[in-house]
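K.L.:
Build the full structure now, drawing on both the sequences and the hints.
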Amino acid sequence: MTQKLVVIGAGMASGRVLEHLFEAEAGFDVTLFNAEERGNYNRIMLSPVLSGEKTYEDIVTHDAEWYEANNVTCHFGTHVTAIDRAAKTVTSTKGTVAYDKLLIATGSAPFIIPVEGKDLPGVITYRDLDDTNAMIEASKSGGKAVVIGGGLLGLEAAAGLAERGMDVTVLHLMGHLMERQLDEAAGFLLRRDLEKRGITVKCRASTAAILGTDRVEGVLLEDNEGLEADLVVMAVGIRPETRLATDAGLEVARGIEVGAQLQTSDPDIFAVGECVEFDGQLFGLVAPLYDQAKVLANTLMDVPAVFTPKELSTKLKVTGCDLFSAGDFASGEGREDIVFRDPARGVYRRLVIEDDVIVGAVMYGDTADGNWFFGLIRDKTDISEMRDTVIFGPAYQGGAPSDPLSAVAALPRDAEICGCNGICKGEIEDAIAAGATDIGALRSQTKASASCGTCTGLVEQVLAVTLGDDFVLPTAQPICGCTEMTHEDVRRMIKSQELKSLPAVWQACDWKTPCGCHVCRPALNYYLLSDWPLDYEDDPQSRFVNERKHANIQKDGTFSVVPRMWGGITTPDELRAIADAADKFAVPTVKVTGGQRIDLLGVKNEDLPAIWDDLNKAGMVSGHAYSKGLRTVKTCVGTDHCRFGTQDSTGLGIQLEKALWGSWTPHKLKLAVSGCPRNCAEATCKDIGIVCVDSGYQISIGGAAGMDVRETSLLCQVPTEKEVMDVVKAVTQSYRENAKYLDRIYKWMDKVGLEWIQEQITDLDTRAALVERFDLSQTIYRKDPWAQHVAKPDPYEPLATLTLEAAE
Amino acid sequence: MSNWIDIAALDDVPQRGARLVKTLHGCVAVFRTAGDEVFALDNACPHKNGPLADGIVHGKAVTCPLHNWVISLETGQAQGADEGQVTTYPAKISEGRIMLDADFLQQRSVA
Numbered sequence: 031m032t033q034k035l036v037v038i039g040a041g042m043a044s045g046r047v048l049e050h051l052f053e054a055e056a057g058f059d060v061t062l063f064n065a066e067e068r069g070n071y072n073r074i075m076l077s078p079v080l081s082g083e084k085t086y087e088d089i090v091t092h093d094a095e096w097y098e099a100n101n102v103t104c105h106f107g108t109h110v111t112a113i114d115r116a117a118k119t120v121t122s123t124k125g126t127v128a129y130d131k132l133l134i135a136t137g138s139a140p141f142i143i144p145v146e147g148k149d150l151p152g153v154i155t156y157r158d159l160d161d162t163n164a165m166i167e168a169s170k171s172g173g174k175a176v177v178i179g180g181g182l183l184g185l186e187a188a189a190g191l192a193e194r195g196m197d198v199t200v201l202h203l204m205g206h207l208m209e210r211q212l213d214e215a216a217g218f219l220l221r222r223d224l225e226k227r228g229i230t231v232k233c234r235a236s237t238a239a240i241l242g243t244d245r246v247e248g249v250l251l252e253d254n255e256g257l258e259a260d261l262v263v264m265a266v267g268i269r270p271e272t273r274l275a276t277d278a279g280l281e282v283a284r285g286i287e288v289g290a291q292l293q294t295s296d297p298d299i300f301a302v303g304e305c306v307e308f309d310g311q312l313f314g315l316v317a318p319l320y321d322q323a324k325v326l327a328n329t330l331m332d333v334p335a336v337f338t339p340k341e342l343s344t345k346l347k348v349t350g351c352d353l354f355s356a357g358d359f360a361s362g363e364g365r366e367d368i369v370f371r372d373p374a375r376g377v378y379r380r381l382v383i384e385d386d387v388i389v390g391a392v393m394y395g396d397t398a399d400g401n402w403f404f405g406l407i408r409d410k411t412d413i414s415e416m417r418d419t420v421i422f423g424p425a426y427q428g429g430a431p432s433d434p435l436s437a438v439a440a441l442p443r444d445a446e447i448c449g450c451n452g453i454c455k456g457e458i459e460d461a462i463a464a465g466a467t468d469i470g471a472l473r474s475q476t477k478a479s480a481s482c483g484t485c486t487g488l489v490e491q492v493l494a495v496t497l498g499d500d501f502v503l504p505t506a507q508p509i510c511g512c513t514e515m516t517h518e519d520v521r522r523m524i525k526s527q528e529l530k531s532l533p534a535v536w537q538a539c540d541w542k543t544p545c546g547c548h549v550c551r552p553a554l555n556y557y558l559l560s561d562w563p564l565d566y567e568d569d570p571q572s573r574f575v576n577e578r579k580h581a582n583i584q585k586d587g588t589f590s591v592v593p594r595m596w597g598g599i600t601t602p603d604e605l606r607a608i609a610d611a612a613d614k615f616a617v618p619t620v621k622v623t624g625g626q627r628i629d630l631l632g633v634k635n636e637d638l639p640a641i642w643d644d645l646n647k648a649g650m651v652s653g654h655a656y657s658k659g660l661r662t663v664k665t666c667v668g669t670d671h672c673r674f675g676t677q678d679s680t681g682l683g684i685q686l687e688k689a690l691w692g693s694w695t696p697h698k699l700k701l702a703v704s705g706c707p708r709n710c711a712e713a714t715c716k717d718i719g720i721v722c723v724d725s726g727y728q729i730s731i732g733g734a735a736g737m738d739v740r741e742t743s744l745l746c747q748v749p750t751e752k753e754v755m756d757v758v759k760a761v762t763q764s765y766r767e768n769a770k771y772l773d774r775i776y777k778w779m780d781k782v783g784l785e786w787i788q789e790q791i792t793d794l795d796t797r798a799a800l801v802e803r804f805d806l807s808q809t810i811y812r813k814d815p816w817a818q819h820v821a822k823p824d825p826y827e828p829l830a831t832l833t834l835e836a837a838e
Numbered sequence: 248m249s250n251w252i253d254i255a256a257l258d259d260v261p262q263r264g265a266r267l268v269k270t271l272h273g274c275v276a277v278f279r280t281a282g283d284e285v286f287a288l289d290n291a292c293p294h295k296n297g298p299l300a301d302g303i304v305h306g307k308a309v310t311c312p313l314h315n316w317v318i319s320l321e322t323g324q325a326q327g328a329d330e331g332q333v334t335t336y337p338a339k340i341s342e343g344r345i346m347l348d349a350d351f352l353q354q355r356s357v358a
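Keeping their order, the protein sequence lines are chains U and C.
Count along the first sequence starting at 1, add 30, and that's the number in the numbering used here.
Count along the second sequence starting at 1, add 247, and that's the number in the numbering used here.
No wet-lab data here; the hints were simulated from the structure.
Hints should not be assumed to be uniformly reliable.
[Claimed, not checked] No farther apart than 30 Å at their CA atoms in a straight line, the calculated lysine-lysine pairs in the DSS-like style are these:
(1) U:K770 with C:K269
(2) U:K621 with C:K295
(3) C:K269 with U:K585
(4) U:K118 with U:K148
(5) C:K269 with U:K822
(6) U:K777 with U:K698
(7) C:K339 with U:K822
(8) C:K295 with U:K698
(9) U:K585 with C:K307
(10) U:K822 with C:K307
(11) U:K614 with C:K269
(12) C:K295 with U:K634
(13) C:K307 with U:K530
(14) U:K340 with C:K307
(15) U:K770 with C:K307
(16) U:K174 with U:K84
(17) U:K770 with U:K542
(18) U:K124 with U:K84
P.N.:
Structural data, given as structure tokens:
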């Protein structure tokens, strides 16, 4: 007989229970209540949603189809108000339903510190999607945010808000951040990294009151310091949500008390997740919740199962802050420490040892070996044999070489890889043997790396170790069907083997086709001319038509012609020449572009040299509106006219365009210079943007406003125009030398990291060398291609013109 | 009986490149491969009439510049998953000159 299972709360724990039940076809008729207006989503991933790296759609675990397929009756946005244990019914705002078995999964509620002003508009907590959306909305108008609480959740909120442009201060009651997971030294490194992102951290800061009349205006600390705030996020902790259970007369301590089968004091009522208390313990991380879910599903299906809490490890989901902590790392009698520090790299490792067993580990900066240490803690491994080298990680044990993969190869089968889902290396290996040979398949079959995602790299390494040569990292695709080699491989070959022609590359890299294809030839041509500017001669036949004909092909085979307007400045004479050309060549469309210049659309192939000649004679050159190269430098009028301007933005833009034009880059390159932070030239969505301030120039990179929209990241601030020129040339050259063909700067930056780029340009010797190489390349390429083609117009003319008479 | 006419010198078309021959009934693209073979095809991709002469020539194929259809120069057929046919015309090299067959070009106007 089908039993009626009523579930209160659609979170990650109850979601996992349902998955187990449906997979086992346990035959429950499920009714699901959720106070939120939606079903189960991956709550751990709210931080990436807040920071903008993911969207809600990316983190949905169960969509409407899933519920429908499993015949779940859903009541979302519906509060359950009472449980009647005698009648075995649940009453909600929508009516009463009966149950055979009831599952309480009400999760937790944020702890609100009882201070004046806690209910003001603008004070929010951080638990669910609505909170996340409220923060995203609040961050749109910028301003100042105060985050109360320097634990996992508070710091993820702070990093997300800072990423979205708010001026963020974190208040933390204790002496260092994340004191439950980190020791003081790691807490310091974390603080330093957060401060580098512009987040202010105040420790030993106790909140006295939240100030404001109609909405929040500030925070007052116990020591009477006042902080302005447009948004206050309270993230001081959570407490189990137990009100329903208490009202129903179930046994409740801090959480709803359950036994090892997750049964409450009523045999037909179960509880799972953050709302439960087992053996005096509460649970806030996802791994034990998933363990509970498995045990509970088995219990419901009458399969014997026992829940036992395990050692836990923690990671922070803030990009660029790698920390790992596990076990107990308090110092004490009989405990010894092994500490490793590399201050230059910001790496810190500390192991706490008791009786030759590691009982705690804290790592910061390089956490790749975290799971190995976690295994040693969990298994209580005797480390006396390897004590001298244990701090360096698995790669240094047993004389094995320091290959990054050997660390993973050395892990035993029961080593945990995915902490969230409790997936061991052995389970992943088995799934691989059963045919799951890529990360996507592994994720769907084992759930490894499917929750918080921080172990994706590890799972890939297990794939690599298990499959050996058959494994191809998803990021390392060959350029095209002509070769097995990746862009990076080929570029390395071009430099190290001094390959200076297309045939040399094809030969040395074992190309499978005689002369490449439309995918690889433009890439190779770019790499060669960028790496060997003096030796390699550009091959027009390996270029896309736009770069071969120096005009943009249109859908009807005509072309568009865009002359350069330096920094967006033109003259009446230039405008007259453009108007005359448009008349003379019957140009059907004249359009002003987003890059501050004029586009003549619909010019016939054979007219191109003649129209260029006319424009050349009026002093204009190609605008390279068609190139993977410098496009435009957009400017505002700056100090010339604007009452807010702080520097000569137009003049600087013109200087930059005159220095950079004609250069080829992996993808198009757009710049802008704004004369003040009002940013009228929209510099912060360009590949390279300069915002002038009173004290100098803020140079930022990696913006985009196309298929992806991205704000630039600050590279550096410099005091003089000369330094702007050098930094921009150096960044451009580094991008030219290192990026994959067709990667814009933001994609390149995502791969190498902003910090690496900063190192390139802050080291003055490296910067000067980059500038020198850029200038050398420009001696070849800073030339007007239109003038060159006007002199040799043959390719634009027909090879022959046949009339029928002539043919006869 | 072929009716070959002399169009131009082979070197007037770059290797891995193409040039156009205008006729009263539209343009024919004359391609030259890296191996110095010549092919003549209608200058219109079967997909959206893209100008094939502006494409990248690789092996004995050309990639249309509009949407990257790859067309065989030998057969005029679209390669890979795409389906379509471009009309081809006899072409040859004779003593360093490119020759096209006038009869075929004329039939084209009738078709």
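K.L.:
Tell me the numbers of any earlier hints that the structure contravenes, in ascending order.
P.N.:
1, 4, 14 and 18
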